[in-house]
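Participant: One-letter residues, chain by chain:
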Amino acid sequence: MPMVAMTVNGRPISAEVEARTLLVELLRSSLGLTGTHVGCDTSQCGACVVAMNGRTVKACTVLAVQAAEAAVITIEGLATGEVLHPMQTAFREHHALQCGFCTPGMVLSAIELAQRLPPAVTPEAIREGLEGNLCRCTGYHNIVAAVGAGATAMRGKG
Amino acid sequence: MYDFAYQRPSTVDEAVAAFAASGDARFLAGGQSLLPMMKHRLVRVSDIVDLAGIPGMAGIRTDRDRVVIRAGTLHADVAEHQGLRGAIPALAALVAGIGDRQVRNRGTLGGALAHNDPAGDYPAAALALEATIHTDRRTIAADDFFTGMFETALAEGELITAVEFPAPEAAAYLKFANPASRYAVVGVMIARRDGRVRVAVTGAGPCVFRPLQLEAALERAFTPQTVAAVSFDHRRFNGDIHATPQYRVHLITVLAQRAVATMA
Numbered sequence: 000m001p002m003v004a005m006t007v008n009g010r011p012i013s014a015e016v017e018a019r020t021l022l023v024e025l026l027r028s029s030l031g032l033t034g035t036h037v038g039c040d041t042s043q044c045g046a047c048v049v050a051m052n053g054r055t056v057k058a059c060t061v062l063a064v065q066a067a068e069a070a071v072i073t074i075e076g077l078a079t080g081e082v083l084h085p086m087q088t089a090f091r092e093h094h095a096l097q098c099g100f101c102t103p104g105m106v107l108s109a110i111e112l113a114q115r116l117p118p119a120v121t122p123e124a125i126r127e128g129l130e131g132n133l134c135r136c137t138g139y140h141n142i143v144a145a146v147g148a149g150a151t152a153m154r155g156k157g
Numbered sequence: 000m001y002d003f004a005y006q007r008p009s010t011v012d013e014a015v016a017a018f019a020a021s022g023d024a025r026f027l028a029g030g031q032s033l034l035p036m037m038k039h040r041l042v043r044v045s046d047i048v049d050l051a052g053i054p055g056m057a058g059i060r061t062d063r064d065r066v067v068i069r070a071g072t073l074h075a076d077v078a079e080h081q082g083l084r085g086a087i088p089a090l091a092a093l094v095a096g097i098g099d100r101q102v103r104n105r106g107t108l109g110g111a112l113a114h115n116d117p118a119g120d121y122p123a124a125a126l127a128l129e130a131t132i133h134t135d136r137r138t139i140a141a142d143d144f145f146t147g148m149f150e151t152a153l154a155e156g157e158l159i160t161a162v163e164f165p166a167p168e169a170a171a172y173l174k175f176a177n178p179a180s181r182y183a184v185v186g187v188m189i190a191r192r193d194g195r196v197r198v199a200v201t202g203a204g205p206c207v208f209r210p211l212q213l214e215a216a217l218e219r220a221f222t223p224q225t226v227a228a229v230s231f232d233h234r235r236f237n238g239d240i241h242a243t244p245q246y247r248v249h250l251i252t253v254l255a256q257r258a259v260a261t262m263a
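Chains as they are written, first to last, in numbering that gives the first Met the number 0: chain A, 0 to 157; chain B, 0 to 263.
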């Protein structure tokens with residue numbers, strides 16, 4: 000079986016995996032990082048989104064071996080100690096979740112979106128930018144508000 | 000997904016040799032189409048030959064009259080490339096509408112063309128823009144490349160290395176996206192160059208195609224009214240839970256009219 004090595008949330012890891020092992024399976028089953036969720040398992044819902052070398056990907060549609068030597072960031076890697084990432088704080092303050100199942104992927108996608116879009120990010124651009132993340136609870140209104148606030152907070156920090 | 004042997008060659012030659020030495024191999028680029036098919040057990044392979052370890056597979060070069068995109072270039076990078084957005088804005092816009100952000104962060108040009116999904120966006124661009132597909136062994140004109148549903152002119156184990164898109168004078172791509180999957184229920188790309196008009200339709204039939212009658216009519220008079228006067232036989236088109244063949248015909252007409260209007 001192939002050996003795969005990468006860094007996950009800044010920590011070097013290596014594991015022996017079947018070639019068919021998905022990145023999300025490695026994260027959840029081998030590393031115990033169960034914050035990354037599997038919703039649809041067909042690369043539609045976005046619950047499994049993680050950042051790989053700074054780009055968001057659907058971890059249900061990436062093989063673990065494809066992430067060899069990559070730097071992977073999951074929802075567990077965003078906070079600094081007890082201090083939440085500004086996007087996590089914004090989701091909490093704006094009550095941008097109900098059941099929370101989609102939230103880890105939503106937050107990872109939102110951070111890349113905030114880094115990528117121009118400063119005056121419009122609600123329309125946020126909605127379009129989150130097309131790869133589905134929420135079945137909130138109707139998106141509070142999520143869009145949280146992403147706008149989180150993006151502003153991230154710029155303030157930078 | 001069934002298990003397979005995983006190979007990660009470091010040159011194109013090694014990749015082609017690894018494929019040839021395998022029982023039933025597939026090349027893996029971004030995997031955004033292949034991995035879902037393997038998970039659904041629509042495809043079973045003995046070997047995956049991953050192209051990610053080959054240097055130089057990605058990159059974009061823009062000249063005055065053409066754009067050359069290496070096969071491994073990610074959709075997200077094509078969509079945001081400043082030179083390409085200037086040279087062929089309709090192509091950049093088309094690629095910006097493939098899948099979603101996460102799919103565009105993994106999916107590649109070569110993978111999309113080799114997969115030739117009947118509702119794919121990139122095949123429409125390649126066909127309408129009269130692209131040339133470069134492989135490890137030859138060049139193939141887009142007109143000869145898309146041969147059927149999920150079928151291409153690629154030989155077994157032949158690898159796309161780059162695609163050359165001549166810059167049109169004007170072009171536009173419009174699609175009616177399925178509200179859930181974002182796949183094109185129908186997509187129409189129109190390009191005009193040197194008095195010639197090329198139209199490519201995706202999503203409507205088993206494979207991307209050029210409606211030659213419509214092209215000829217638009218070469219005579221490039222107006223939305225011209226589009227309205229051309230009729231299609233709906234029996235050639237797909238019907239499914241999303242749209243009837245008649246509705247797809249209607250979409251071709253509406254989208255082509257709007258595309259012409261934006262270019263006129």
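Everything labelled a hint here was simulated from the structure, so no lab data went into it. Ideal placement from N, C-alpha and C gives every residue a C-beta, glycine not left out. Accuracy of the hints is not assured; some may be wrong.
[Unchecked claim] Residues on chain B that point at chain A, a partial pick, calculated with CB under 10 Å:
hint, residue
1, Tyr1
2, Asp2
3, Pro35
4, Arg84
5, Glu168
6, Ala179
7, Ser180
8, Arg209
Participant: Now, for every hint given, state plainly whether the structure supports it.
Facilitator: Cross-check of the supplied hints:
The interface hint given for tyrosine 1/B is met, as the beta carbon of that residue sits about 7 Å from the closest beta carbon of chain A, less than 10 Å. Because the beta carbon of aspartate 2/B sits about 5 Å from the nearest beta carbon in chain A, less than 10 Å, this interface hint is met. Because the beta carbon of proline 35/B sits about 6 Å from the nearest beta carbon in chain A, less than 10 Å, this interface hint is met. Restraint check, arginine 84/B versus chain A: the minimum CB separation of about 15 Å is more than 10 Å; hint violated.
Given the 10 Å rule on beta carbons, the hint for glutamate 168/B is violated: about 29 Å separates it from the nearest Cβ of chain A. Here the hint on alanine 179/B is kept, as its CB sits about 8 Å from the closest CB of chain A, short of 10 Å. Hint on serine 180/B holds. Least Cβ distance to chain A is approximately 7 Å, under the 10 Å limit. Nearest Cβ of chain A to the Cβ of arginine 209/B: about 30 Å, over the 10 Å cut. The hint is violated.
Violation of the numbered hints given earlier is confined to hints 4, 5 and 8; the remaining hints are satisfied by the structure.
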